[in-house]
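K.L.:
Below are the chains, spelled out letter by letter.
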Amino acid sequence: MAEPPSTTPPPDPETADISDTEAAASAPAQARSDRSPWNWLLIVPIVVPLTTPLFNHDNPRLLGFPTFYWLQLAFIILGVTTTTVVYRMTGRGERR
Amino acid sequence: MSDHIVEIVVFTALFLLVSVMGFVAARWRAPQDLNHLDEWGLGGRNFGGWITWFLVGGDLYTAYTFVAVPALLFGAGAAGFFAVPYTIIVYPMVFLVLVRLWSVSHRHGFVTPADFVRARFGSPTLALLVAITGIAATMPYIALQLVGIEAVLKTMGVTGDSALARHAPIIVAFAILAAYTYQSGLRAPALIAFVKDTLIYIVILVAVIYLPAKLGGWNSIFDAAEAKFAASPAPNDGITLNVNNQLQYITLALGSAMALFLYPHSITGVLASRDRGVIKRNMSALPAYSLLLGLIALLGFMAIAAGVKPLPGAREGTVDSNTVVPLLFDQQFPAWFAGVAFAAVGIGALVPAAIMSIAAANLFTRNIYKEYLRKDATPAQEANVSKITSLVVKVGAVACIVFLDPQFSIDLQLIGGVIILQTLPAVALGLYTRWLHRGALVAGWVAGMGLGMWMLYQIPNAATGRAHFGGSAFPLSKFGFDTTMTIYVGLVAVALNVLVAVIATLILRSMNVAEGEDGTTREDYFADATTAAPTTPAGSTPAAPTTTT
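Those protein sequences? They're chains A and B, same order as listed. Start counting the first sequence at 1; every next residue gets the next number (full-length UniProt numbering). Start counting the second sequence at 1; every next residue gets the next number (full-length UniProt numbering).
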């Protein structure tokens, strides 16, 4: 569980401007957004766990777990990795 | 009762410990004045990463889940495992959505999802629908937490014969819960969640290492389950899915994920966090609970391998499958550790029950009391109404369990998942677009509710011998398709909801029907703790009045 390292994030001009004055937020040029190409990565852990026909099998078993079970548990790691990557690549400006 | 004395002592001791914590919580992160809805109902809107993780985790993964999901695997096998993909896909799905909701709520001081809808669409009516839907979906969920505690109490043999004696321990437990929630608000479950989750993690780690070793390893556990399902006459059980229930599995996981963060109590946990970063980090950290849930689910198969026979249910000839996990612990663990495990489940019920009652109370206060009964309510009055409402909600939940068949609450909760989904267009789509007309959103809600109820009514339950409201898996053959496949009701209903909302929007717009005013601006959706003007902490009544049209 991740409090990210306490290194100061690189100054983000957009954030800095807005935090200076409330008025700056209303200037159209300053408008922030959550848009980022990295966000598309989030589709992967949403779609993959729902493709059950591809892994609805007993074998091969891993440590005694049928495929259907160990693979879905493994998708948790996929989800964590993806959200972490997206947060790291896009979320820096979120840090105060 | 005497053979369970150690379990009862450990259970009671831990229960008393968290009760004390619940009362002390009022002074934790001491607010200047607890008599404000932001303080009582949202813990000061200032929870950091760790607290939020425990709070939201303790909120979403309830005692009932921990008891019912393994019971599903015990009874039906693979189909019950849907809870795992459901809780995997939900976080990437809401990753971007929740920060928008947090930002706009932070700017405007929204406490409930209906507050947001009210301001976004300038429609008190639509907000009222969202609020009532939220309350109706949450109430049976609270009652189900009692079912979780009851499964444990039953296993410990703490049950009398008359209806009242059987329920006395639950009434006492809920009275204590109600008292400290009244006093400490959201701080109580936030603090207790630390104990709850620590206990659950310890119990499950021990269980998944100790029990397989005792039961001959995972291979033989799965083999035992496979043998049981092969011998059973039911067509849809097994340790893998089959052609009949695969679509249901996928749509149930997807639909449940879409519904999860529409529940008012989930949103309460989110809005209580300090900034956007806390939410985003938690989207990566909360899946730790999904791993826990997956392992807990497999306790159902362990119970099969251990030959557990569930205790009898409330009515003659039925079994209470919710008792399989407590029974497994009771049979396999030393008494003192079984006591710890039972306390984990029992306390696990208190945290979500507290948050849910707070969320329902906030909805009533903000979107019914303040909107319709007393428009000039001060923040202190709001907090007071919420506190009292939270008591009423809990009394109602206890009454449901004591006076009605618990099965009734289970059915209602099933319906709850379907109906809360009908707020998706207004709340979730509303965060992204204001294109949908407020009147059309009402029309979509009505259509989705209607179809959802009709579909649920059509579903029989073979196991309990009921003709209606027997589950959420709708046979597609009832739509006239030539197939044995089933699909999750909620997803179909919300699809119709969106469709109707789109069509009605086009119609209403062509007729130039007045649209409400949007009380939010584009920047509101990206505001962070440092960038927003501090409109809320001082606690003047925020936002809503300015949007009245």
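Simulated from the structure, these hints should not be mistaken for laboratory data. All residues carry an ideal CB built from backbone N, CA and C; glycine is no exception. Some clues are possibly wrong.
Label pairs and their computed distance ranges (CB to CB) [unchecked claim]:
{"hint": "1", "chain 1": "A", "residue 1": "N39", "chain 2": "B", "residue 2": "V513", "range": "34 to 40 Å"}
{"hint": "2", "chain 1": "A", "residue 1": "V85", "chain 2": "B", "residue 2": "R434", "range": "43 to 49 Å"}
{"hint": "3", "chain 1": "B", "residue 1": "I388", "chain 2": "A", "residue 2": "N59", "range": "44 to 50 Å"}
{"hint": "4", "chain 1": "A", "residue 1": "P53", "chain 2": "B", "residue 2": "L499", "range": "48 to 54 Å"}
{"hint": "5", "chain 1": "A", "residue 1": "N39", "chain 2": "B", "residue 2": "L404", "range": "34 to 40 Å"}
{"hint": "6", "chain 1": "A", "residue 1": "V85", "chain 2": "B", "residue 2": "M511", "range": "24 to 30 Å"}
{"hint": "7", "chain 1": "B", "residue 1": "G480", "chain 2": "A", "residue 2": "V44", "range": "42 to 48 Å"}
{"hint": "8", "chain 1": "B", "residue 1": "I503", "chain 2": "A", "residue 2": "P53", "range": "29 to 35 Å"}
{"hint": "9", "chain 1": "B", "residue 1": "T198", "chain 2": "A", "residue 2": "N39", "range": "30 to 36 Å"}
{"hint": "10", "chain 1": "B", "residue 1": "G480", "chain 2": "A", "residue 2": "P53", "range": "41 to 47 Å"}
{"hint": "11", "chain 1": "A", "residue 1": "G64", "chain 2": "B", "residue 2": "V6", "range": "45 to 51 Å"}
Here are a few chain A residues that face chain B, going by a calculated C-beta distance under 8 Å [claimed, not checked]:
{"hint": "12", "residue": "D34"}
{"hint": "13", "residue": "N39"}
{"hint": "14", "residue": "W40"}
{"hint": "15", "residue": "L42"}
{"hint": "16", "residue": "P45"}
{"hint": "17", "residue": "I46"}
{"hint": "18", "residue": "L54"}
{"hint": "19", "residue": "D58"}
{"hint": "20", "residue": "N59"}
{"hint": "21", "residue": "P60"}
{"hint": "22", "residue": "P66"}
{"hint": "23", "residue": "L71"}
{"hint": "24", "residue": "F75"}
{"hint": "25", "residue": "I76"}
{"hint": "26", "residue": "T83"}
K.L.:
All hints, please: hold or fail.
P.N.:
Status of each hint after checking the structure:
| no. | hint | result |
| --- | --- | --- |
| 1 | N39/A - V513/B: 34 to 40 Å | holds, 35 Å |
| 2 | V85/A - R434/B: 43 to 49 Å | violated, 31 Å |
| 3 | I388/B - N59/A: 44 to 50 Å | violated, 58 Å |
| 4 | P53/A - L499/B: 48 to 54 Å | violated, 27 Å |
| 5 | N39/A - L404/B: 34 to 40 Å | violated, 46 Å |
| 6 | V85/A - M511/B: 24 to 30 Å | violated, 47 Å |
| 7 | G480/B - V44/A: 42 to 48 Å | violated, 36 Å |
| 8 | I503/B - P53/A: 29 to 35 Å | holds, 33 Å |
| 9 | T198/B - N39/A: 30 to 36 Å | holds, 34 Å |
| 10 | G480/B - P53/A: 41 to 47 Å | violated, 24 Å |
| 11 | G64/A - V6/B: 45 to 51 Å | violated, 32 Å |
| 12 | D34 | holds, 6 Å |
| 13 | N39 | holds, 6 Å |
| 14 | W40 | violated, 11 Å |
| 15 | L42 | holds, 4 Å |
| 16 | P45 | holds, 5 Å |
| 17 | I46 | holds, 5 Å |
| 18 | L54 | violated, 11 Å |
| 19 | D58 | holds, 6 Å |
| 20 | N59 | violated, 10 Å |
| 21 | P60 | violated, 12 Å |
| 22 | P66 | holds, 6 Å |
| 23 | L71 | violated, 10 Å |
| 24 | F75 | holds, 5 Å |
| 25 | I76 | holds, 5 Å |
| 26 | T83 | holds, 4 Å |
Checked against the numbered hints given earlier, the structure breaks hints 2, 3, 4, 5, 6, 7, 10, 11, 14, 18, 20, 21 and 23 and satisfies all the rest.
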